[in-house]
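Chemist: Quick note, the sequences are listed as chains U and R, same order. Position one of the first sequence corresponds to residue 1 (the numbering used here), numbered consecutively onward. Position one of the second sequence corresponds to residue 1 (the numbering used here), numbered consecutively onward.
Mixed in with the good hints there might be a few duds.
What the hints assert, rightly or not - Below, a list of computed lysine-lysine pairs in the DSBU-like style, where the Cα atoms sit at most 30 angstroms apart:
hint, chain 1, residue 1, chain 2, residue 2
1, U, K3, R, K320
2, U, K63, R, K318
3, R, K329, U, K3
4, U, K3, R, K138
5, R, K329, R, K405
6, R, K405, U, K2
7, R, K138, U, K63
8, R, K138, U, K2
9, R, K136, R, K26
10, R, K320, U, K2
11, R, K329, U, K6
12, R, K320, U, K63
13, R, K22, U, K63
14, R, K136, U, K3
15, R, K320, U, K6
Since the hints were derived computationally from the structure, they do not count as laboratory data.
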Amino acid sequence: MKKTLKRIFYLFLILCIPAGFLIEHEHAVFFWHKIPSIDVVFGFLGAMLLIGGARLLAHLVHKEEDFYD
Amino acid sequence: MIRTVPPGMLFILGAVLIPLLKGRTKQIYLLVIPVLAFLDILQLEAGTSWVYHFLGYELIFCQVDRLSLVVGYIFVIIGFLALLYSLHIEEDGQHVAAFLYVGSSLGVVFAGDYFSLFAFWEVMAVSSVFLVWYQKEKRSLDAGFRYLIMHIIGGCSLLAGIIIYVVNTGSIAVTHLGTSPADIFILIGFGLNTAFIPIHTWLPDAYPEGTVTGSVFMSVYTTKTGVYVLARCFAGMPLVAYMGGIMTVYGVLFALLQNDARRLLSYHIVSQVGYMVAGVGVGTELGVNGGIAHVFNHILYKALLFMCMGSVLYMTGKRKLTDMGGLAKYMPVTAAACVVASLSIAGAPGFNGYVSKGMVIASAAQQHMPILELMMVLAAVGTFLSFVKLSYFAFFAPNEEIRAKESPLNMQLAMLMTAFLCVLIGVYPEVLFRVLPFQPIHYHPYTPGHVLGTVQLFLLAGLAFMVAKDMLAPHRGTVLDFDYFYRMGGRGIVWVCVVPLSNMRFRLQTSSSRTIDVITRIAKNPIMLLEIPIAYAYFRITQGLRYIGGYSSSEMYNENLYRRPIGVGVLVAIIILFALALIYFIL
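One chain only, chain U, in its complex shape (with noise of 0.2 angstroms):
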């Protein structure tokens, strides 16, 4: 169940990739909505940054759980 799950997800993940050069951007407005897929982009680079800027901020303002007791 977890396999198969995971194989629809990856074959989602490779389909949607190509399917983003058959259809364009309704109301492009910036250069980036012109470019094909570019959301595939912005969801892996935004997650990665995110994560990473999640880990760094953790090491600023991660205390124990009694600081301020």
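Using the hints, position chain R against chain U.
Modeler: Coordinates of chain R only, in the frame set by chain U:
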């Protein structure tokens, strides 16, 4: 024909009867009031009513337009669902606090003047704090006080702004404001309730410490009334728009670090309210419609998320993700509802968040605000990550030790009804579009490009989650926020009070006591004043001699020792009278 009443009044006056009712009657009563309020709002007509003259000003308790109506609808709908969720609570105080909170929030929404708006605003702050205090733990009590202090400061700013505004303009009508000093004070007051960064800390501090049911109410009203008043008074202000953008990313980033499930949800309130604030700040018809649509949708899925996590807390006593896991097996309804709410808040197609979030992002692009658009896209990715984390670690991560039962029927029913509304609006957004402030609406959420873009965003964020799952795993600990500065500042003030100020008080008290003692002695025997130098010299000499002789110097004061015959007093009086007569006659 029955006259409509301000909907908030039904709750505020309705709260009085709650302690008088018992059992099933009380439960029915709790549900009837929001139904009556909803019927009342349906009957309201555009315009102003319930106007009273006070000190030469007009107090308007019921100003109705499309903006107040749409917020009124959702406030009452979620009031009904949250009361259904809390039906099993037997403490009348919690219900009374909830009623006053809902009523005062509706009061703010339908207020047509700043005086009544301010009055309801303060009732909102005071009534909601009891939903935290009823948790009856020390940390809840502390968090409640911090919440109250912050809201009192915000209230003071709002009141200062209103007073300056009224003095300058002579009007108390709620209208669009600008950037004058009065307006900035009002903006700070509104901004505190809307969780502007860095005055947002009361929110992730107090909301996780509320009661299981109280936090559901709290997740709805305070911040959303803030967005509502921003939409009415500060729509189209770029500062507000960019503050919204900062809130979206800031909330998400801090949410990713949280271990307490309800604190994670609280940071997502900051983030999601950021979308609403951004939409309002953009200020176009699409922006304000998007912001208000997001208010409507967010209320549904956020209340649902708090219901789910409240349900877990109620049934297992666990509030931290590190203690949860594997609950889907034991609490399937809660797990299903949480997945629906997570997909809604993430903005997955088919769920309500997708519709309104898209409207706000599109409005930023339409107004050529690229940074704002990118901030909101980044926050959307983070929201997806965060809720994959929450759902996974709470319900699906392996945990063999946990055992639980599904929550009571009323809680399940409330969760299912709220989840249904999330899906209904996601699938059929016209039901929401029809009640939005600006008509007609030229926005189509389900275009192929938009749907595919969202799917791509989530699939790749999902891949990143799978790759970096361990890095996102929750850890025990405290995450410092701007509240660090407030708390340390507060401790600094306490230190100043306890050490230097207290020492100063002690010294002042001692010296003033001595002074009073001296004055008392002199008053008892004024002649002594003349004898002081002699007595002092005598005292020093005898002390010195006693010291040399090794005697104790502790001797009680005996006033009779120094008392003089009454004749001496008469003599002094005659001398003074003579001196006065002399001065009078000579001069």
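Chemist: None of the hints should be skipped; say for each whether it holds.
Modeler: Going down the list of hints, with the structure as the test:
| no. | hint | verdict |
| --- | --- | --- |
| 1 | U:K3 / R:K320 | holds (29 angstroms) |
| 2 | U:K63 / R:K318 | holds (21 angstroms) |
| 3 | R:K329 / U:K3 | holds (19 angstroms) |
| 4 | U:K3 / R:K138 | violated (47 angstroms) |
| 5 | R:K329 / R:K405 | holds (10 angstroms) |
| 6 | R:K405 / U:K2 | holds (25 angstroms) |
| 7 | R:K138 / U:K63 | holds (21 angstroms) |
| 8 | R:K138 / U:K2 | violated (43 angstroms) |
| 9 | R:K136 / R:K26 | holds (23 angstroms) |
| 10 | R:K320 / U:K2 | holds (26 angstroms) |
| 11 | R:K329 / U:K6 | holds (21 angstroms) |
| 12 | R:K320 / U:K63 | holds (16 angstroms) |
| 13 | R:K22 / U:K63 | violated (47 angstroms) |
| 14 | R:K136 / U:K3 | violated (46 angstroms) |
| 15 | R:K320 / U:K6 | holds (28 angstroms) |
Hints 4, 8, 13, 14 from the list above are not met by this structure, while the remaining hints are.
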